[in-house]
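Listed below, chain by chain, are the residues.
There are 2 protein chains.
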Amino acid sequence: MPATSTDPGTSRNRSWWGWGYADAHPDDAECAALGALLPGTLNRPLPIPRIADLPIGKPAAAPPPSLAHLVTADPQARAAHAMGKAYRDVIRALRGRPGRIPDLVAHPTDDREVADLLDWADAHNVAVIPFGGGSSVVGGVEYRGNAHRAVLSLDLTSMDRVLEIDTTSRSARIQAGALGPVLEAQLRPQGLTLRHFPQSFEFSTLGGWLATRAGGHYATVHTHIDDFVQSLRVITPAGAGTSWRLPASGAGPSPDRLFLGSEGALGIITEAWMRLQERPRHKASASVAFTDFHRALDAVRTIAQSDLAPANCRLLDPGEALFSGASYDGSAILVLGFESATSPVDDRLANAVDLARTHSGHRRRGMADGNAPADSTVSAWRSAFLRMPYLRDALARMGAVVETFETAATWDKIPALIHDVRTEVGAAAFKITGHPAIINCRLTHVYPDGAAPYFTVAAVGRPGDEVEIWDDIKAVASEVLHRHRATITHHHAVGRDHRPGYDLQRPEPFTLALRAVKDALDPHRILNPGVLLD
Amino acid sequence: MPATSTDPGTSRNRSWWGWGYADAHPDDAECAALGALLPGTLNRPLPIPRIADLPIGKPAAAPPPSLAHLVTADPQARAAHAMGKAYRDVIRALRGRPGRIPDLVAHPTDDREVADLLDWADAHNVAVIPFGGGSSVVGGVEYRGNAHRAVLSLDLTSMDRVLEIDTTSRSARIQAGALGPVLEAQLRPQGLTLRHFPQSFEFSTLGGWLATRAGGHYATVHTHIDDFVQSLRVITPAGAGTSWRLPASGAGPSPDRLFLGSEGALGIITEAWMRLQERPRHKASASVAFTDFHRALDAVRTIAQSDLAPANCRLLDPGEALFSGASYDGSAILVLGFESATSPVDDRLANAVDLARTHSGHRRRGMADGNAPADSTVSAWRSAFLRMPYLRDALARMGAVVETFETAATWDKIPALIHDVRTEVGAAAFKITGHPAIINCRLTHVYPDGAAPYFTVAAVGRPGDEVEIWDDIKAVASEVLHRHRATITHHHAVGRDHRPGYDLQRPEPFTLALRAVKDALDPHRILNPGVLLD
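Those protein sequence lines, which keep their order, are chains A and B.
Last residue of the first sequence: number 574 in the working numbering, and the count goes up by one each step with no gaps.
Last residue of the second sequence: number 574 in the working numbering, and the count goes up by one each step with no gaps.
Hints are computed from structural coordinates only; laboratory data are not their basis.
It is possible that some hints are incorrect.
You can't tell identical chains apart in this list, so a pair holds if it fits in one copy or across any two.
Below, simulated SDA-like cross-link-like pairs (lysine to any residue); rule was C-alpha separation at most 20 Å, straight line [said to hold, decoys possible]: (1) Lys558 to Arg525; (2) Lys453 to His524; (3) Lys453 to Gln317; (4) Lys471 to Pro503; (5) Lys98 to Asp114; (6) Lys453 to Arg213; (7) Lys558 to Ala278; (8) Lys558 to Glu548; (9) Lys453 to Thr208; (10) Lys453 to Arg140; (11) Lys453 to Asp206.
Isolated chain A (complex conformation) (with noise of 0.2 Å):
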C-alpha cells in the first residue's frame, strides 16, 4: 500500500489539512506575527487539527478481495482526501467540519485496475472521486450530498510514469498521476520539459492539469495545459479510449477538448501524449512601475496585442505588490520575462518595455541580461507567489478569511470589472464582517483580446462563521463577474463551489449537450458527481 502521505521522490509528510508541506507550515509565532498585520484576528492561532478527533466512522462499502489490495481504510488517508486546498477546506479543517470524509481510498498502478475499480464502483452505486494531487480550490474532489451508497476517493499517484519520449517529435506519454517535479525529473535527462508551472506545481498532477484545463507557464499564447495535448487516454464506465497521436487535426471537433475540462465528470484520464519543449537557454527579465493602474492595464495591453509573446507578463496592483515585496511605493507592478531555447530574448525584453514607457511605464533597477538571474522585483515577486498559500493557511489559523478567485474577460470590461469587484465585494466584505477588507487584484495571463485578473480578498472572520463569511462574499464576487459576462473561472476550474455561475454562464446547447454526454459516458452518475453539472 503506498503510503498517502509522503510524497514520492521526497521523504516531506503533506498536510492532510491545509497547503503543501507540514514542515513548511509558519509555526505559531509566525501565524500570529502575520495575524497582526490584519487587525481583528485572534490573539493566538487555531491548533492544528488532529486526525484522531475527526468523525471517520467504518466504511460503508468493501471491495471485492481481487481489488482489496488497492484499497484501503486507513484514517489517515481518508483524512487526506477528504477535500481539496480551498480556504473553505483549510477552515472547515480547523474548525473540525471538514467535508464528508470518503469510505475508500484506492491507488491504482494501472489502467486495468482503474477499469475494474471503476466496474465495481458502477455496479455497487459507489461515487467516485478522481484525486491527483488534492489541490483543487474549489471543491473539485469532495462528495457532497448523500445518493451514493458509498465514496471512493480514487488516488491516481502510483501512476507517475513517464512512459514513453519521443525526442523527434518532442513528446512523451506520461501517466495522470505524476506530480509536477515527478513528472520534470524524468524529461530532464533528455534536455526537456512539458514547462507547465502553475503555482500548485509541486502538489499537483498530470492528470489534474488535464481535467480541470490549468494555467501554467506562460502568460501569453499557450496559457492552459489544452494546447499542449497531444493525445489522451480516457476510461469511462461506459468504456475506454485513445485518440491518435496528432499535431494537430480537422477531422470533426477535437475528441481531446471534451475531456479536457471534464472535472473527472466523463471519465478517468490515466494518460496523455504530450507536447514538450527545450529547456530555455535564454531568459531574460524585468520590472517596470506604474503609477496610474489605468495607464498599466493600456501598457499590458499593447505588449499582448504585439507579437512579442512574453512567458511572464503579471501585473500587480499597488497593493498586491506591497503584498509580495513587489513595490512599497504605491506603484503598480509589472513583472515582464522573456525564454527561448533558441535564440537570445534581450531584444524582446527590451522592446516590451519600450511599449511600457509609452505608456508612462518606468523601469526598475538595472536590466537583467540574458542569462543573469531575474532582476530582484521579480525574485522577490516569485518567491511570495509560491509561499502564498502558506501564508494564506496561517491567516486562517489567525482567524482571517483570505482567499482568492480569478477570472477573464475581453479587454472592452477589464477596468469596469476591475473597479466593481474591487468596490462591490470591498462593500460586501464590510457589510458582512463590520471591518474592511483587502481586496488586491494582479492580472496573471494576458491575451490579444483580453486578460485574466486574479483577485486576493482579506478579511476579518467571526469565530466559528469563517465559511459562510467566504460564502457570501464569493457570492457578490460571481454576481460582478456575471454581470460582466466574465468567466467564473480562468483556470481554478469549476468544482462544485463554481456551479451556481457556471450554470448560469454555459450556453443552453452545450448543457444539453454535456447532460446527454454524461448519461452515455457515466449512465449511473458515479463518476465525480456534482462536478459540472447534477
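Fit chain B to the supplied structure of chain A, relying on the hints for placement.
Quick look at chain B alone, frame taken from chain A:
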C-alpha cells in the same frame, strides 16, 4: 430573392459545376494544352455541362407561406447547391451524374429565419444541408440517402455582415455567411483583419471555416480557425445559444470546441465573435532549395521547433515545386515568410534561413528586404496556389483524375508516411489505370511535434470511370494514413467522403459522446445527415 450564382460585392458569375468564377475557367484550348502534359488524356475537353440537361424535378416539399419568400426551387439555384467542389463533384457534373439535387434552397437573413426554417424542416422530415461558399472537397454539402422527405440547402450567404467591431479587444461579431473577401472588406477600414486565408478564401464563408475547422494563413502556431474564436452563436433544433465572449476560460470543457468541426451536424453556426489582428506592416520572405528532401524535412522540423514562428513555412517536394513553377532543377523548395504588425521580421527570416542552411539548404536568389514584395519563387508559388483548383478542373475536362488529400502526423512518422503514400498510392494508381501517376507532396502547416503533408495525385482516367478510379485510389491512400495513425484530414474536414477513415480514427468514448450529443440536439436527425455520424 438573392441571386445564387452572382457573388455579393462582385458581378462575377460563380460556376455551378466547377471551381470559382465561370469567367476564370481555362478555355477549351487551354484545357487541351494542359491535357497534353499528361499522356493518355482525351484529345478534346469534355463539354461544360448545362443545367438544362440535369434531372431536376418538382420539389418534394414546399415551405409554408410564412417562409416562402426565403426559399426557392429555381433549377439554377438547386444545381449550384447540389455538391461541393471536390474532383469527384466536378467529374460527376461533367459526366451528367451529379449528386442528389436539393429540392429547395433557402436564404435566411437572420437567426429567427434560420430557427423557423429548422422548425419547419424538423416537423416535416426535411434534411437541412448548411451551405456557405460551397467549397467542400469532402462531400460535406450534398445529400446522400433517402431517409428524408425532401432536401433543403440552407445557404447562409445572405447573413454576411460584420455586426460589431471592438477595437479595444481587437475582435468583431461577424455573421457566418460572410465570404472571405466580404468580411475582410468590412474590417479593413479599422485597420484590422481576421487573417484567415485558406486556398478557398474567395469562395468560402466564416461559418464554413468554423464548422470544418479550416486551416488558414499561418503555417505555424495558430494554424486553424479554432484559435481565433471568442464566442459562437449556434442554432439547433433543440434550441439556440451563444457562448460568452472570453479571451480564455477554464470553466468546463470548451463549449465552442464541440461545435467547431461539427460540420453542420449538431447545429447551425449563425455568427461568431472572432479575434482580429492588425494588418501586418513588416513582411519578409525567402525560398530555400534542397537537393535532399529528407534534409529538407529536418530543416523544417528544426524551424518548427524553434520559436521563430514563420507565417509561411511550406515545403514543396521536387514534383510540387516543378508543378508550381518554383523550381525546375529537381530541388525541393522551402517557402518561408514572416509577418508582423509590430516589428521588423528580417532577423527572424535570417535566423530561419540559417537553420535551413545547417541542413544543406541553399537560399534562392537575393534576399527580399523587410517591406519588399516577396521573392519571385514565392510569388510564383502563390499564384500557382490560387490557380490550382481551376487547373484541376481543366484537367478533369481532359479526362484526367486529379485530386488532393492532406493529413497530419507526428515528426517520427513523417518520412515513412510520405514514402508509403508515394509508393503505395503510386502502385495502386498504376494498377488501376495502367499508367504511372504523378504524386506530389508539400507540407502546408508545421508544428513542433509534427507536420501536415498535402498530396496531389494526377492519374489518367478511363472515360466514364473517373469517380470509381479516384475512389479506389483514395481508399488505398486512406489505408496508408490509417496504418500510420495519420489523421484522415488536417483541414479539409470529414464530410461524407472521409467517413470510413474518421470512423476508425475516432476514439470510442468520443463516438458514444458524439452520438449522444447528436440525439440531444438534433433528435430527428435532419441536420446534414451522414457527415460525422450515421
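(request) Up to 20 Å between alpha-carbons, please classify Lys453 paired with Asp206: within, between, both or neither. (result) Answer is between; shortest inter-copy Cα gap is 11 Å, intra-copy 43 Å.
(message) For Lys558 and Arg525, with the copy left unspecified, which applies at a CA distance of at most 20 Å: within, between, both, or neither?
(response) neither (26 Å within a copy, 28 Å between copies)
(message) When Cα atoms must be at most 20 Å apart, do Lys471 and Pro503 count as within-copy, between-copy, both, or neither?
(response) Only inside one copy: Lys471 and Pro503 sit 17 Å apart there, 84 Å across copies, limit 20 Å.
(message) One pair to classify: Lys453 and His524, alpha carbons no more than 20 Å apart. Within, between, both, or neither?
(response) For Lys453 and His524, the Cα distance is within 20 Å only inside one copy (7 Å; across copies 47 Å).
(message) If the cut is 20 Å between Cα atoms, do Lys98 and Asp114 qualify within a copy, between copies, both or neither?
(response) within (10 Å within a copy, 75 Å between copies)
(message) At most 20 Å between CA atoms: does that hold for Lys453 and Gln317 within a copy, between copies, both, or neither?
(response) between (34 Å within a copy, 19 Å between copies)
(request) Check Lys453 against Arg213 for me: Cα-Cα at most 20 Å, and say if that holds within a copy, between copies, both or neither. (result) between (40 Å within a copy, 16 Å between copies)
(message) If the cut is 20 Å between Cα atoms, do Lys453 and Arg140 qualify within a copy, between copies, both or neither?
(response) neither (39 Å within a copy, 49 Å between copies)
(message) With identical chains, the pair Lys558 and Ala278 could be close in the same copy or across copies; at 20 Å between alpha carbons, which is it: within, between, both, or neither?
(response) both (10 Å within a copy, 18 Å between copies)
(message) One pair to classify: Lys453 and Thr208, alpha carbons no more than 20 Å apart. Within, between, both, or neither?
(response) between (43 Å within a copy, 9 Å between copies)
(request) Could you figure out if Lys558 and Glu548 sit no more than 20 Å apart (CA to CA) within one copy, between two copies, both or neither? (result) both (15 Å within a copy, 15 Å between copies)
Checked against the numbered hints above, the structure breaks hints 1, 10 and satisfies the rest.
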